[in-house]
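Engineer: Here is how the chains run, residue by residue.
There are 2 protein chains.
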Amino acid sequence: MSVQQVLIAGQWRDANQSGTFRADNPATREALPDEFPVSTWADCDEALTAAVTAAAQLRQKSGAQIAAFLEDYAARIESRADDLVATAHAETALPKAPRLADVELPRTTNQLRLGAAAARSGSWAQATIDTQAGIRSCFGPLGPVCVFGPNNFPFAFGSISGGDFAAAIAAGNPVIAKANSSHPGTTRIFAEAAQAASRATEMPAATVQLLYRTSHDDGERLVADPRTGATGYTGSRGAGLKLKQAADTAGKPIYLELSSTNPVVILPGALEERLDAIADDFAGSCLMGTGQFCTNPGIVVLLAGDRTEQFIKAVGERFEQAPVGTLLSKSVAASLESNLSALQEAGAELVVGGGAGTGQGYCRANTLLRTRGETFLANAAALQTEAFGNASLFVVADDIHQAAQLLSHLEGNLTGCIYSHTAGQDDDDYATVADPLRQRVGRLLNDKMPTGVAVSSAMNHGGPYPSTGHPGFTAVGMPAALVRFAMLQSYDNVRPARLPALLQDKNPTGGTWRLVDGQWTTADVG
Amino acid sequence: MSVQQVLIAGQWRDANQSGTFRADNPATREALPDEFPVSTWADCDEALTAAVTAAAQLRQKSGAQIAAFLEDYAARIESRADDLVATAHAETALPKAPRLADVELPRTTNQLRLGAAAARSGSWAQATIDTQAGIRSCFGPLGPVCVFGPNNFPFAFGSISGGDFAAAIAAGNPVIAKANSSHPGTTRIFAEAAQAASRATEMPAATVQLLYRTSHDDGERLVADPRTGATGYTGSRGAGLKLKQAADTAGKPIYLELSSTNPVVILPGALEERLDAIADDFAGSCLMGTGQFCTNPGIVVLLAGDRTEQFIKAVGERFEQAPVGTLLSKSVAASLESNLSALQEAGAELVVGGGAGTGQGYCRANTLLRTRGETFLANAAALQTEAFGNASLFVVADDIHQAAQLLSHLEGNLTGCIYSHTAGQDDDDYATVADPLRQRVGRLLNDKMPTGVAVSSAMNHGGPYPSTGHPGFTAVGMPAALVRFAMLQSYDNVRPARLPALLQDKNPTGGTWRLVDGQWTTADVG
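Order-wise, the sequence lines are chains V and A. Note that the first sequence ends on residue 530 in this note's numbering; no numbers are left out. Note that the second sequence ends on residue 530 in this note's numbering; no numbers are left out.
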């Protein structure tokens, strides 16, 4: 069997390889047939050199030209939907429908089209014009962006199809994609469609490039290379922190989404009012996709009392009755097992589950753990171990003040939720916990589980370290996600004809938002 | 003589000290009388704990309340102007007038008032409202900000008076200021005024705190402490990179301004047209403040030819005729001497200067070096050694293509300038060098030296590494500078009354710019 080819400088060609790998079908635990190369540094080096040329060429393209590429690509994805869904299902065991075909694929093409709209409008660049000082500034493309995609969203966060890809391209940068090793075949199909779209819309040859895998050392070298502009990474904390250190040392921006336990606080009045509905909500959110969401509710804070005991019982029943889903890979299953052990060693007790799953594929029983507020406070770091998968830890606090105290011991998270009585009887308690929770999360929710991540201009899919590497940026939501892959560029006394179109007196599209002398406007200057 | 007190938790008190230091008068090389403490970790620890309390209290203050503090502080600075100018002059040897009294002091109070205006309007927070998705977001304060100020602007970049301070406070954060050891007395006066303003406007006790010096280890511990929100640093690259590593490892944002050689490209037509005027411009810019500006033009790129030789001669004459200024400190003088040696070892040749200065204070002769494009390309890293002070390196390229090539070997810089003929005869050459220069600098100038840094909304006083730590942020210019000290906070389905004022339907000031369903507006929602 021949080894799959990498996409470098616009050509599919044999990799410079140090070895090969195959992905597993997690539902059967058997290796899939296709063989993929592990690239040596030679491939990274060629891709970087080609990307520098592409970056310079892309800087000469208009937002409309970049938009045309993204839209053409989105259409090609739709025309290959069956192939993508079948391949991703085989590689991840995620359900074909509704998940892959009806939810994740439309989300993916929607993101690409929102990226196109952002590129076309140019408003994302925050063009700022000070007519009195003769100074104008905007965000501009930064250079080649390396994207490392996660295992859990083969489409919507994929290295050559997801939000980081769409944002990096829309901001005017070429992308070097590193496939996730658990779904290389899916990534290959995306790369074929992207490359076809790139040719059809006359993009530079190396606008999109694909490597399947590198050594860890070469990955670190890649993000730190002088030719690299920035990196987007979604994945495990351990691997991400190594890349972060390499990029930080080289002074290269890196945007990471690393881990999150997504605390949910459920106040007494909410349970009094709608215990069963919240138990349904929670079990649905926690077990959806076998719990393999970045925003999976991994820690629930409750106040001690009878209703809390009823709630724990109700959730436990739902966990036991719910089917056991298949996990994404052998390593996800192994990590879940060891992290559940770590939580129990740190003082958490099993409510339900904990053992092996009953399925044929990689799996683990739906697992609910509990602990007391006091125990949590005594061992807060270990009890925040992320058990990525179909599991959650309930922390029962003595009272609202202990709840607030334990929230102040939380690491940075992507999300935090508070459920409260709709008629206001929890409002004092809400006030006690909202501020400490707010400062530790990127997105604060009310009366709603965190697993839905709307592609909204107001979304923050980000948060304080270690959920991400910087609390000021979102990975989801156009146009805010673009600015991560841009540099601030000021023009001081630069002659009018030499300014980029975004900064010339005439509004470049007639509808681009620009901050002119302190006022946001779509009008021409002067 | 008693040792000066530190300002912690709203109280002036004796430091927990490991030793003391005194600043020098650089004009006389003699130590000044006041003795200042080197704080131990105990002071840092107390300041951090107090700052966390202040941060929570500040989150309850309105933008208008924060603005009132900044404005009151600015007025108090003006009422202590004579004292500030006299002390800063003694500690830095910078001229009292116009520099300190007529330029830097008004710039400083202007920045504080612009920070106040930004806080009052709230537009800096980029409030974004998606009415359909029920999601709203804005930037919000991040927590205690540590500010390390540089030696060269005791007012405008001072740790308790400068741009980082104004931006951090305006964004709603308390500041822990670490004085620059070369002007502790100046910093003390600012802290007195700030503390008086804080009391008068009923700010939290630890809104502003001051330490004079810590060990390097404690400085690194401070920026990495879990209680710290972010750090602003302006100073030497060596010390800055140590702080950066500590902050990066802890996942704490740090904004650094480290070093810059500020390349200036002078094209042949510009010399043909106005050689003497450019020589005047250049010598004035390079020698102003004895060359001790972050944006001092340290590298000039010229094309080989007779006019270039005339230009070098003309600048050399001006350098020899100009008075030799006093450097900020003994260590600045020692660094300048060793960096000039390093440049010569790397292949640069002296045109004028190079020796000891003739003044009574710390000084060095006005120094002009030159080298060839080929030499620069062979030794690009060493020939980019920043010689902070009254010195510059001219690089004579064989032709415009070699000039473009050597620009592509430049490190990241704050600024880059291109001088060209006003009638367009350099336009082809401009096109050749503009793109490589653009990608390596934060601010691109035409026909203008880089030393003026206007406090403009469109200013970028920032640039790619190693000029700063991140290419997306500016340290000068309101309101953009504020966002460095903020986190992105999204609210998903949060009940209307619980939203911050910035995100409620009613526009909080009647004039706050918000992005509502994709349109910037100052109107109410709905």
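Bear in mind the hints are in silico, worked out from the structure with no lab data behind them. Here the structure is a predicted model, which is why all the values come from computation and not from measurement. Incorrect hints may appear among the rest.
Heads up, the list lumps identical chains together, so a pair's fine if it works in one copy or across two of them.
[Claimed, not checked] Straight-line alpha carbon distances no greater than 25 angstroms define the calculated SDA-like cross-link-like pairs of lysine to any residue that follow:
no. : residue 1 : residue 2
1   : Lys65     : Ala204
2   : Lys452    : Val529
3   : Lys452    : Gly530
4   : Lys317    : Glu34
5   : Lys246    : Thr389
6   : Lys510    : Asn450
7   : Lys334    : Thr516
8   : Lys246    : Tyr469
9   : Lys100    : Thr57
10  : Lys510    : Thr526
11  : Lys246    : Lys452
12  : Lys452    : Asp509
13  : Lys510    : Trp524
14  : Lys100    : Thr32
15  : Lys246    : Asp221
Engineer: Now, for every hint given, state plainly whether the structure supports it.
Structural biologist: Checked hints:
In the homo-oligomer, the alpha carbons of Lys65 and Ala204 lie at most 25 angstroms apart inside one protomer (15 angstroms), although the nearest pairing across protomers, at 55 angstroms, exceeds that limit. Within a single copy, Lys452 and Val529 get their C-alpha atoms only as close as 45 angstroms, which misses the 25 angstroms cut-off; across copies the closest is 23 angstroms, which meets it. In this assembly of identical chains, Lys452 and Gly530 lie within 25 angstroms of each other by CA distance solely across copies; the values are 24 angstroms between and 48 angstroms within a copy. Proximity of Lys317 to Glu34 under the C-alpha cut-off of 25 angstroms is found in neither arrangement, the shortest distances being 37 angstroms within a copy and 77 angstroms between copies.
Only within a single protomer do Lys246 and Thr389 lie at most 25 angstroms apart by alpha-carbon distance; the minimum there is 19 angstroms, versus 30 angstroms between protomers. Taking identical chains as interchangeable, the C-alpha atoms of Lys510 and Asn450 lie at most 25 angstroms apart only when they sit on different chains, with a minimum of 20 angstroms there against 44 angstroms within one chain. In this homomeric assembly, Lys334 and Thr516 never come within 25 angstroms of each other (Cα to Cα): the closest approach is 48 angstroms inside a single copy and 52 angstroms across copies. Taking the closest pair of Cα atoms, Lys246 and Tyr469 come within 25 angstroms of each other both inside a single copy (15 angstroms) and across two copies (20 angstroms).
In this homomeric assembly, Lys100 and Thr57 never come within 25 angstroms of each other (Cα to Cα): the closest approach is 39 angstroms inside a single copy and 51 angstroms across copies. When the C-alpha separation of Lys510 and Thr526 is checked against a cutoff of 25 angstroms, the pair qualifies both within a copy, at 10 angstroms, and between copies, at 23 angstroms. In this assembly of identical chains, the alpha carbons of Lys246 and Lys452 never lie at most 25 angstroms apart, being 34 angstroms within a copy and 43 angstroms across copies at closest. Taking CA atoms no more than 25 angstroms apart as the test, Lys452 paired with Asp509 passes between copies only; the shortest distance there is 21 angstroms, against 46 angstroms inside one copy.
In the homo-oligomer, the alpha carbons of Lys510 and Trp524 lie at most 25 angstroms apart both inside one protomer (15 angstroms) and across protomers (19 angstroms), since each shortest distance falls under that limit. Taking the shortest Cα distances, Lys100 and Thr32 sit within 25 angstroms of each other inside one copy (16 angstroms), while across copies they are farther apart (80 angstroms). Taking the shortest Cα distances, Lys246 and Asp221 sit within 25 angstroms of each other both inside one copy (9 angstroms) and across copies (23 angstroms).
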